[in-house]
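Student: Spelled out from the first residue to the last, the chains are:
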Amino acid sequence: MKSKFKNFFKGGLGQLAIPIIAICILVIFNLFRDPSFFSIAIQHNNDGNIVLSGNLISIINGASELAILAMGMTLVTAACGGQDISVGAMAAIAGSAFVKVLKSTSVINGGTVIAGFLLACVVAMLFASFNGTLVSVFKIQPMIATLILYTCGRSIAYWINGGATPTVSSPIINAIGSFIPGIPIPTPVLIVIAVAILFKLVFHFTSLELFTQSVGINGSAARLNGINSTFIKLLSFIILGICVAIAGSIGVSRLGLINHETLLLDIEMDTILAVAIGGNNLGGGKFKISGSIIGAYVIQMLTITLYAMKVSSTDVKAYKAIVIIILVVIGSPVIKSKIQKLISRIKARKQNTIAKGAV
Amino acid sequence: MNNTKKFRREPLTDTQLLMTITICIFVGMYLLAMLLFKGGFLHAQQVFDMLNDNASLIIVSCGLTIVMIGGGIDISVGAVTSLVVMSCVLYLNNGGNIFGSIRLALVIGLAFGVVHGFLISYLEIQPFIVTLAGMFFARGLTTILSVNPQKVDHDSFAALRAMKIEIPWLGYTAKNGNLIPARMELGVVVALVCVLLVFIMLTFFRLGRGFYAMGGNQQSALMLGINVKLTRFISYVLSGLLSGISGYVFMMHTGAGNATNAAGMEMNAIASSIIGGTLLTGGVGNVVGTLFGTLTLTTIKKIVVSSGLNDPWWQSITTGGMLCFFILLQSVVLSRRAKKKKA
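Top line first, the protein sequences correspond to chains A and B.
First residue of the first sequence: 1, per this note's numbering; consecutive thereafter.
First residue of the second sequence: 1, per this note's numbering; consecutive thereafter.
I should point out that these hints are in silico values taken from the structure, not numbers from a laboratory.
Every value quoted in this text rests on a predicted model; they were computed, and no experiment measured them.
Glycine is no exception: its CB is placed at the ideal position from the N, C-alpha and C atoms.
Hints are not guaranteed to be accurate.
Okay, the calculated bits of chain B under chain A, using three or more residues with CB under 8 Å as the criterion [said to hold, decoys possible]:
no., region
1, 49 to 58
2, 157 to 168
3, 242 to 252
4, 269 to 277
5, 304 to 315
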């Protein structure tokens with residue numbers, strides 16, 4: 001039993017060690033600080049539904065967009081060895097397209113919402129394939145290629161909105177953004193679970209995971225083995241585009257309005273951070289989607305913990321930075337090898353003493 | 001045999017080619033603007049205004065160019081600039097003197113540079129993550145210092161701010177017959193000196209050539225006997241120092257500190273470097289190109305305003321389009337040259 005446990009930590013955890021340790025540290029810290037942090041209450045919300053509330057719920061709920069984007073970003077990172085910094089701007093564009101369709105009819109029903117979401121998907125996929133083409137066909141580094149949309153994406157969203165911040169109000173939109181009547185779990189959480197299952201299914205039934213990893217590790221070797229690396233890179237961007245459309249639609253539904261300047265502001269940096277905390281190499285290659293998802297929750301948990309400690313929302317960034325630095329320093333290759341050396345030295349000393357005792 | 005080789009013109013390097021393209025496009029664009037829009041573009045003051053407004057961006061871009069040539073990235077520069085502005089403003093308002101504030105600016109910049117450099121080169125952490133954390137930290141500290149905008153209230157600083165270099169022969173005669181000389185702020189001089197120093201360092205000094213070698217191929221640089229770790233460390237320290245200087249110049253330009261100062265400056269600086277012909281992969285780039293990259297970005301914005309596209313979204317959409325054009329151009333030019341070399 002014990003050896004099984006040890007093996008799990010040695011082999012199975014590997015990459016996931018850092019995010020899981022980070023979550024454990026945060027949980028223990030909060031337990032010592034204020035055990036009531038974890039209390040979950042059952043309340044009636046304004047619409048009269050029975051809903052769950054509490055810090056834990058707001059952590060899981062608040063990180064939804066981040067988790068969805070982190071899943072897509074992991075693929076792009078693995079395939080292209082770079083990151084897409086335009087996800088926030090693209091989400092604003094997708095959200096604008098979503099609202100545009102909703103605004104076009106007088107009555108918002110299920111069909112309009114689906115049509116709006118599909119249009120958002122198409123628009124996001126178009127912009128994502130623009131990024132993807134620059135990266136895969138023209139061989140431009142992802143960060144530079146996506147810098148174009150980062151600069152002008154939010155302005156394009158403003159253009160689509162026609163210089164306004166339109167609002168939408170409808171029970172369906174409300175249900176997507178907060179709670180479906182009768183279900184106490186926030187809807188965005190359900191969407192995250194659905195997307196994660198979808199990713200798992202795709203990886204299970206196709207060889208996308210293997211292909212992506214081989215393209216990321218050595219693109220030309222993958223090409224020689226018959227993998228169309230250009231297509232795989234493009235595909236990873238398009239999948240990210242779909243993720244962006246989902247995240248953008250959730251973001252719009254949460255607030256009931258589209259503000260091109262503030263919708264998912266600075267999310268690109270948080271997304272990349274989630275991927276990095278998840279133990280994925282930002283230079284491409286092997287990846288674990290689960291790591292990025294946990295990374296997203298680590299970030300949100302940190303933020304909510306800081307809020308609970310009465311840190312103002314503008315100051316949170318400074319404390320976040322300190323925690324990030326500590327995490328990456330622990331995970332850095334130099335420190336890791338030093339710790340390993342230390343452990344082996346201690347082990348050797350122990351064996352020496354045992355041997356001496358035996359003599 | 002030897003003689004012919006001596007007199008044959010050396011082919012342009014990638015760095016020189018990209019820089020030449022940028023300068024040509026800038027000059028062409030500016031001449032076109034002069035012909036089409038006349039007005040402001042005909043006065044020399046327009047160029048000086050562009051320099052006045054962008055002095056701090058130019059300085060920051062210099063630092064970023066050094067880091068990018070070395071194959072790294074520093075996205076904390078805008079946030080450090082903003083932190084320097086805010087802390088210097090508060091220092092001056094609480095009875096500090098000019099020299100103290102300059103020292104403070106340099107120390108803050110250096111501190112960020114040293115920490116970044118240490119974490120990146122000696123602990124081998126990805127530069128994007130480290131400088132992202134640096135950016136969060138600097139932005140957070142700025143708001144902790146003060147959320148409200150602060151105006152400098154200091155006599156000798158006001159005198160320093162008011163000092164402007166006047167060039168009468170580049171001026172123009174106003175409608176009432178007065179000669180208005182071209183005005184240039186002190187910050188521009190600082191910026192141009194920075195560009196010159198960095199250019200000299202990159203071209204003639206062992207350290208500067210080390211940056212190119214390191215960015216081009218780290219393994220070969222190591223085998224040439226370059227201390228890669230130290231070189232990388234120094235590149236981030238220089239970038240930090242230049243952001244400190246840029247913060248002071250920014251304060252001399254605006255005379256006030258605000259939590260949202262220099263927002264998005266890091267991406268503008270990266271864009272200027274790219275337009276100027278620096279590649280993010282490292283090993284290729286020139287700081288003079290960066291200077292023209294900054295000017296090109298500003299000229300586009302001015303042209304958009306002059307051509308009557310008044311909707312607020314046009315400026316950044318055209319900037320994005322221009323960026324796209326330059327990036328594609330570089331990609332095509334470089335891949336063609338690579339093919340030629342192979343053949």
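Student: Hints first: check each against the structure and report whether it holds.
Tutor: Hints, one by one, checked against the model:
1. 49 to 58: Our answer is that it is violated, as 0 residues pass the Cβ test (under 8 Å) against chain A, missing three.
2. 157 to 168: As far as the region 157 to 168 of chain B goes, the hint is violated, because 0 residues have Cβ atoms under 8 Å from chain A.
3. 242 to 252: violated (count 0)
4. 269 to 277: Our answer is that it holds, as 3 residues pass the Cβ test (under 8 Å) against chain A, meeting three.
5. 304 to 315: holds (count 5)
Figure legend: structure checked against the earlier numbered hints; hints not met, in rising order: 1, 2 and 3.
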